[in-house]
Amino acid sequence: MKKVYTRPKSLKKAVFHYCPGCGHSIVHRLLCEVFDEMKLQDKVIGIPPPGCSVFTYNYLDVDMAESAHGRGAAVATGIKRANPESIVFTYQGDGDIAAIGTAETIHAANRGERITAIFINNAVYGMTGGQMAPTTLLDQTTTTSPYGRDAALEGYPIKLSEMLGLVKGAVYIERTAVNSPANIKKTKIAIKKAFQTQIDGLGYSLVEILSPCPTNWKMGAIESWKWVDEVMAKEFPLGVIKDITGDNDAD
Amino acid sequence: MTKVLMYGNAAVAEAAIRAGCQCYFGYPITPQNELTEYMATHLSRRKGCAFVQAESEVSAINMVYGASLAGARTMTSSSSPGISLKQEGISYLAACELPAVIVNMSRGGPGLGSISAAQSDYFQSTRGGGHGDYRTIVLAPSSVQEMADLTHRAFDLADKYMIPVILLGDGMLGQMMEPIEFKHEAPKELAIRERAVRGAKGRPSRIIKTFTSNPSEMEEINWSLFRRYQLIKKEETSFETYMVDDAELVVIAFGISARIAKGAIRNARAQGLKVGMLRPITLWPFPYEKIKDIARTTKQFLVFEMNMGQMLEDVQLALEGKREITFHGRPGGVIPTASEVHRVISRLYHQKGLKKAK
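Heads up: the sequence lines are chains A and B, in that order.
Residue numbers for the first sequence follow the working numbering, so the first one is 14 and each next one is one higher.
Residue numbers for the second sequence follow the working numbering, so the first one is -8 and each next one is one higher.
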């Protein structure tokens, strides 16, 4: 019998602690598939952030080292500069990369650090209980925007990936989602390309992934998958934001 | 070996390179810029080495954390306000048991303060500095030669105990020139520390983490750190004594203050005043036992610092109220002269009716 689907070698045999419908476990699995296919398991160093995904190291069977909130890009810079042969990625939430870690992220990208960022955008702070994130949508209700995000008081959802598009050292930036089989497939292709960009030594690469958080959105899993398409992707359009890798075959 | 004339800041940088420092991360702040500039010139293009001028001190220390994870000898330098920003990263380095060297060419504070030499970061340096229950080894040089020597020792101690080490200088030590000699040549090969995070090749994957949802696990980590700190206290406490054997009055001072006090003591001795000095070289661990020891024969102590009395509290802890302590402090970046300290010594000596030499 031909085996068509199996646990990736780089994925530990652990039960995910994530909530039902959460996108983290899908992205974890995709990363492991990519590590297996690109034969990176023994070269990769991952930097998980504080937040729900701090426990990424319990699932990915690669070297991992936790960073302080928002400092992933700086920590990754240190690792990569000390050991340029390693393949380094940060796994960062929206609060981590687009609020507290904005400076670290933009400057690492601007230096063209050969690192890859996996940016999980779920429009809330998940682990702390659903507070307003920099990417929270207008009118979206969270525990710290209980009347709905009001631009006059709370500003606008920030588009970090588009901002990074203006930064010269950033070479490949794509926004995808994990709310449908088709989008999951596209996400995997994007992740693969991001790591290839790093391997080729071209510069900074980032994949922003719109990821459902049914618990903090106070929705069912199916409803939250729809919300990604119908609401989130309107503000954060899916697709390639920047690609100057010179290899556009994958698009 | 031949002597070279160097600024303190450059001496630290050169000594770091000779100690095998592979990665330096910095951010401009006065009065330590010459250190960063020296690294930019002499380390950035060196084979296998890395230099990054970071976007902030917060980033710089987190780059240090990354390079230390990767097994490199690594350092950053800054001055007081910048060191405050680095405390987050220092706490993480301590938690993850990662070696690193952090240089503080301290200046007057609080706030943006002054850019002149001060010693007001004693509390911050010796009490951990960031959040959580941890310590860092703190070395306090008092000459440019010692800046170089202690830089080398800082790297060795950091690796030996897997701990961040603070080199606490000040704006004056950083900015002054003295002839010095380097006791080490730069290593031919840069060593990679064992248990580094460099990819799980031929071994199981490794996790470096500080977070745990289990308080008992955290308690165990604290105990394990504490046990190491006890060992450091036992093994690494160091100090210099100067004419203490027959001293009626002992001055306790560290860093540049001790250098100033030494001049004052020499003048006092010339007048027949039996004055000596204890200079802690490690501020943490602090030489409590040596002070207790001196107190067996000396009744009067003068603590002299360029702050409002920070090390003073450690001296009080050592003497347990059994001996009289007088404090003289000049905060804010004011650098007192040897003659000022001489006047303080002389006045105290006569007020207390201490015996003069025959």
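In case anyone wonders, no lab produced these hints; they're calculated from the structure.
Idealized CB from N, CA, C, for every residue including glycine.
Hints are not guaranteed to be accurate.
To be verified - Heads up, simulated DSS-like pairs for lysine-lysine below, C-alpha to C-alpha not over 30 Å straight-line:
#1 A:LYS56 to B:LYS200
#2 A:LYS25 to B:LYS174
#3 B:LYS179 to A:LYS56
#4 A:LYS52 to B:LYS313
#5 A:LYS22 to B:LYS313
#6 A:LYS181 to B:LYS38
#7 B:LYS192 to A:LYS16
#8 A:LYS255 to A:LYS199
#9 A:LYS231 to A:LYS255
#10 A:LYS26 to B:LYS253
#11 B:LYS253 to B:LYS179
#12 A:LYS255 to A:LYS198
#13 B:LYS174 to B:LYS200
#14 B:LYS253 to B:LYS224
#15 B:LYS265 to B:LYS174
#16 B:LYS313 to A:LYS56
#17 B:LYS38 to A:LYS52
#18 A:LYS16 to A:LYS52
To be verified - Taking CB as the label site, the calculated pair distances span:
#19 A:GLU243 to B:PHE202: 53 to 59 Å
#20 A:GLU175 to B:HIS175: 48 to 54 Å
#21 B:ARG118 to A:TYR160: 55 to 61 Å
#22 B:LYS225 to A:ALA27: 53 to 59 Å
#23 A:ALA27 to B:LYS38: 40 to 46 Å
#24 A:GLU248 to B:GLU185: 47 to 53 Å
#25 A:LYS52 to B:SER215: 32 to 38 Å
These are the hints, each one checked on the structure:
Distance check on the hinted pair: A:LYS56 and B:LYS200 sit about 19 Å apart at the alpha-carbon level, within 30 Å; holds. For a cut-off of 30 Å, the pair hint linking A:LYS25 to B:LYS174 is broken: about 49 Å separates their Cα positions. Simply put, B:LYS179 and A:LYS56 have alpha-carbon atoms about 26 Å apart, close enough for the 30 Å limit, and the pair holds. Taken as a hint, the A:LYS52 and B:LYS313 pair is broken in the structure, with Cα atoms around 68 Å apart against an allowance of 30 Å.
Between the alpha carbons of A:LYS22 and B:LYS313 the distance comes to roughly 67 Å, so the proposed pair goes past 30 Å and is violated. For a cut-off of 30 Å, the pair hint linking A:LYS181 to B:LYS38 stands: about 26 Å separates their Cα positions. Distance restraint check for B:LYS192 and A:LYS16: the Cα-Cα separation of roughly 27 Å lies within the 30 Å cut-off, and the hinted pair is therefore satisfied. At most 30 Å may separate the alpha-carbon atoms for a hinted pair to count; A:LYS255 and A:LYS199 meet this at roughly 16 Å.
For a cut-off of 30 Å, the pair hint linking A:LYS231 to A:LYS255 is broken: about 33 Å separates their Cα positions. Under the criterion of a C-alpha separation no larger than 30 Å, the hint pairing A:LYS26 with B:LYS253 is inconsistent with the structure, at around 65 Å. Restraint check: the Cα-Cα separation between B:LYS253 and B:LYS179 comes to about 39 Å, which exceeds 30 Å; the hinted pair is violated. A threshold of 30 Å between alpha carbons decides the hint, and for A:LYS255 with A:LYS198 the separation of about 19 Å falls inside it, so the pair holds.
Among the hinted pairs, B:LYS174 with B:LYS200 is inconsistent with the structure: their alpha-carbon atoms are about 37 Å apart, more than 30 Å. Our distance criterion of 30 Å between C-alpha atoms is met by B:LYS253 and B:LYS224, whose separation comes to about 26 Å. In summary, the hint linking B:LYS265 to B:LYS174 is not supported, as the alpha carbons are separated by about 35 Å, beyond the 30 Å threshold. For a cut-off of 30 Å, the pair hint linking B:LYS313 to A:LYS56 is broken: about 60 Å separates their Cα positions.
Distance check on the hinted pair: B:LYS38 and A:LYS52 sit about 28 Å apart at the alpha-carbon level, within 30 Å; holds. Restraint check for A:LYS16 and A:LYS52: satisfied, since their Cα atoms lie roughly 20 Å apart, inside the 30 Å limit. Here the CB-CB span from A:GLU243 to B:PHE202 is close to 35 Å, at odds with the stated 53 to 59 Å. Restraint check, A:GLU175 to B:HIS175: a C-beta distance of roughly 50 Å satisfies the suggested window 48 to 54 Å.
Taking 55 to 61 Å as the suggested C-beta distance range, the pair B:ARG118 and A:TYR160 does not conform, at roughly 43 Å. As the Cβ distance of B:LYS225 to A:ALA27 is approximately 41 Å, the hint placing it in 53 to 59 Å is violated. Checked against the hint of 40 to 46 Å, the pair A:ALA27 and B:LYS38 passes, with Cβ atoms roughly 41 Å apart. For A:GLU248 and B:GLU185, the hinted distance range of 47 to 53 Å is satisfied, since their beta carbons lie about 48 Å from each other.
As the Cβ distance of A:LYS52 to B:SER215 is approximately 37 Å, the hint placing it in 32 to 38 Å holds.
In the structure shown, a violation is registered for the earlier hints numbered 2, 4, 5, 9, 10, 11, 13, 15, 16, 19, 21 and 22, in ascending order.
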